[in-house]
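Spelled out, the chains give:
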Amino acid sequence: MKKILVVDDEQGIRDLFKFLLEPNGFEVFTANDGLEGIEMVKKDTFDIIFLDVHMPRMRGPEALKIIKQLRPTQVVVIFSSSSDPAFTFENKAKELGAYTCLYKPVDINEIFTIIEKSTVYQRGKD
Amino acid sequence: MQMDKKINVLIIGAGKGGKALIELFHKEPWLNICGIVDTNDDAPGIKLAKELGLPTGKDFSPFLKISGLNTVIEVTGNPEVEKSLSKMLPPGVELLKGASAKLIWTMIEEREKEIAELSNDRKAILNILEDVEEANKQLKETQAKLIQSDKMAAIGQLAGGIAHEINNPMGVILGFAQSVMKRIDQNNPLYLPLSSIEREALRCKTLVQNLLVFSRSSGTGKTSMEINQAVEETLLLVEHQAKMRNVVITKKYAPDLPMIFANRNQIQQVIMNLANNALDVMPDGGTITITTTLTIPSPLEGEENLSTVALAKVEGEGKFVEIRVEDTGAGIPEEVKHKIFEPFFTTKEPGKGTGLGLSLCYEIMQKHNGTIDFESEKGKGTTFTIKLPIIEEFTEKEKKKVLVVDDDRAIINLAIAFLKKFPEKYQFTSATDGFRAGQAVLEFNPDLMILDLLLPGIDGFQVCRNIRSNEKTKGIKILAITGYDSPENREKIFTAGANDYLSKPFEIEELGKRISKLLAE
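One line per chain: the protein sequences are A and B, in this order.
Using the working numbering, you'd call the opening residue of the first sequence number 1 and step up by one each time.
Using the working numbering, you'd call the opening residue of the second sequence number 1 and step up by one each time.
These aren't lab readings, by the way, just hints derived from the structure by calculation.
Note that the coordinates shown come from a computational prediction; the quantities given were computed from them, not determined experimentally.
Note that CB positions come from ideal geometry on N, CA and C, so glycine has one too.
Watch out, some of these pointers could steer you wrong.
Said to hold, decoys possible - For each label pair, taking beta carbons as the anchor points, the in silico distance ranges come out as:
| no. | chain 1 | residue 1 | chain 2 | residue 2 | range |
| --- | --- | --- | --- | --- | --- |
| 1 | B | E335 | A | E110 | 38 to 48 Å |
| 2 | A | R123 | B | R203 | 36 to 46 Å |
| 3 | A | I66 | B | E233 | 29 to 39 Å |
| 4 | A | P72 | B | D284 | 26 to 36 Å |
| 5 | A | V120 | B | E239 | 24 to 34 Å |
| 6 | B | K420 | A | T100 | 34 to 44 Å |
| 7 | A | T73 | B | G161 | 30 to 40 Å |
| 8 | A | I66 | B | K319 | 53 to 63 Å |
| 9 | A | Q122 | B | R203 | 33 to 43 Å |
Go ahead and model the full structure; you've got the sequences and the hints to work with.
In structure tokens, the structure reads:
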């Protein structure tokens, strides 16, 4: 069973991922901010981590750096709360080690597509 | 003033000199002209005297008998007259003649010169005042714009903040609606309300995207860019959709277009918007034609020779890159044509368009000092045209060199005031006498010389002749400045080799026209 970690300070987003993915055979874990997310990464392994940018205590990009240090091959999808693809944002995210970016509000079909793609990606790496 | 305190003067000779004396004297309350004498009835002084109600005559003898006569001024230049006068002059009456008359003549010339100079000074001051007023006006406009732009920036920031904040809850709304829809059958009565929620949430997403364009601070990210490339990239995104709707995209790019200074993203957004609008009006297929060209504003009618000055008066002078987006749709109805750039105005069904597109395009074009306009004919289609100013590069070589020579600083300042208005077109320097002018010509190598003919030392005519006779300098255009406009003077000027002349006092516009004309030849 695939394990997904959703790190977002928005209750709605955390609930949404659970509602969406659990019936489709995923185990969904959640964290409220960057620090919590890192704690969970230390204790467990995940197939994909969805990471929001704007969170209290520790923001997405900082958390991303640390996660990548802990698990260099971890697939992390980072959310931007801007609805426009911004090349500067994407470049920065990729530099820090993100697999790809998602723009809010997210189309749920995109979430599934990304999960599929990253699975293939992971398989390739292993 | 009592009669007996006035000085009574008889003027003999009513030519130009006599006339000038009348003009001078009759304004002075302490002078009384008791007669003007000339054998010629049509002499200019006689005419003037008659107009002023002064006594005139052909013979001076009776006038010499006037009691209280103090001075006789003889300005006929005729030695015979001089002789007979001296014989007939009553005792105690002063005779000014010959050299003394010449002195007066010189004084008159000087006086006229002074008046002309004062007039020029006055004109220069008026011009400066005009410039100051203009500068003031511009400052006020800029101030208003800054305040507006401050407000816009503040609104922009607010809009940006709100937009970001809205995206989160919107994500949840959209996400759940879509997730539930996935779990139920299309026939489920709950499917409709959920798909409505999905649609409206997506609409909010577009709205927010558009709002964010306003939130980006103006002035960021403008770079020199090539327009054809940017348009091509944008069209790649549109082509897929176009194919699906049976719309053919025809591209006509002009080669070697100069670069523009713009925010690439924003320009692409404008093109995208126009292209999408075009797609939307042709649901059953059609053609979109995109054309890029270079346009030059046309000179005002009848002023082709004065292109520099006239063009400068056109708002936003210079060349533009023009992009036209033409569709073969139904056209824009007459009654809505004046509304289409209004924010939130849309002809699309509710839920299909936010109405922000064209007003955004308008904003973006304003920020780039460009324009957006359209032409539309019912049943034939619509063409939107956007224009963006190019980056003009005037190399040092293209600047024309102008040398201003005049011993009167006011004139030099006047000429320089004009030349300074076009720093990319003119380089200039000045000299205050003939000798320095000669040096300046050799060092500065001007294309055009503005030359005062009445110079101290080496006079203007000589300077002119010198320049024409020297191989190296004979091609220099010379615009002569003179105080007296008369046929003899004009002949003299052109004989000396000047290309054109201007007589004082002159307006700054007139100077500008002559300069442009001479340099264009």
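Hints versus structure:
no.: 1; hint: B:E335 with A:E110: 38 to 48 Å; result: 42 Å, holds
no.: 2; hint: A:R123 with B:R203: 36 to 46 Å; result: 39 Å, holds
no.: 3; hint: A:I66 with B:E233: 29 to 39 Å; result: 37 Å, holds
no.: 4; hint: A:P72 with B:D284: 26 to 36 Å; result: 54 Å, violated
no.: 5; hint: A:V120 with B:E239: 24 to 34 Å; result: 28 Å, holds
no.: 6; hint: B:K420 with A:T100: 34 to 44 Å; result: 57 Å, violated
no.: 7; hint: A:T73 with B:G161: 30 to 40 Å; result: 37 Å, holds
no.: 8; hint: A:I66 with B:K319: 53 to 63 Å; result: 54 Å, holds
no.: 9; hint: A:Q122 with B:R203: 33 to 43 Å; result: 36 Å, holds
Comparing the model with each numbered hint stated earlier shows that hints 4, 6 do not hold.
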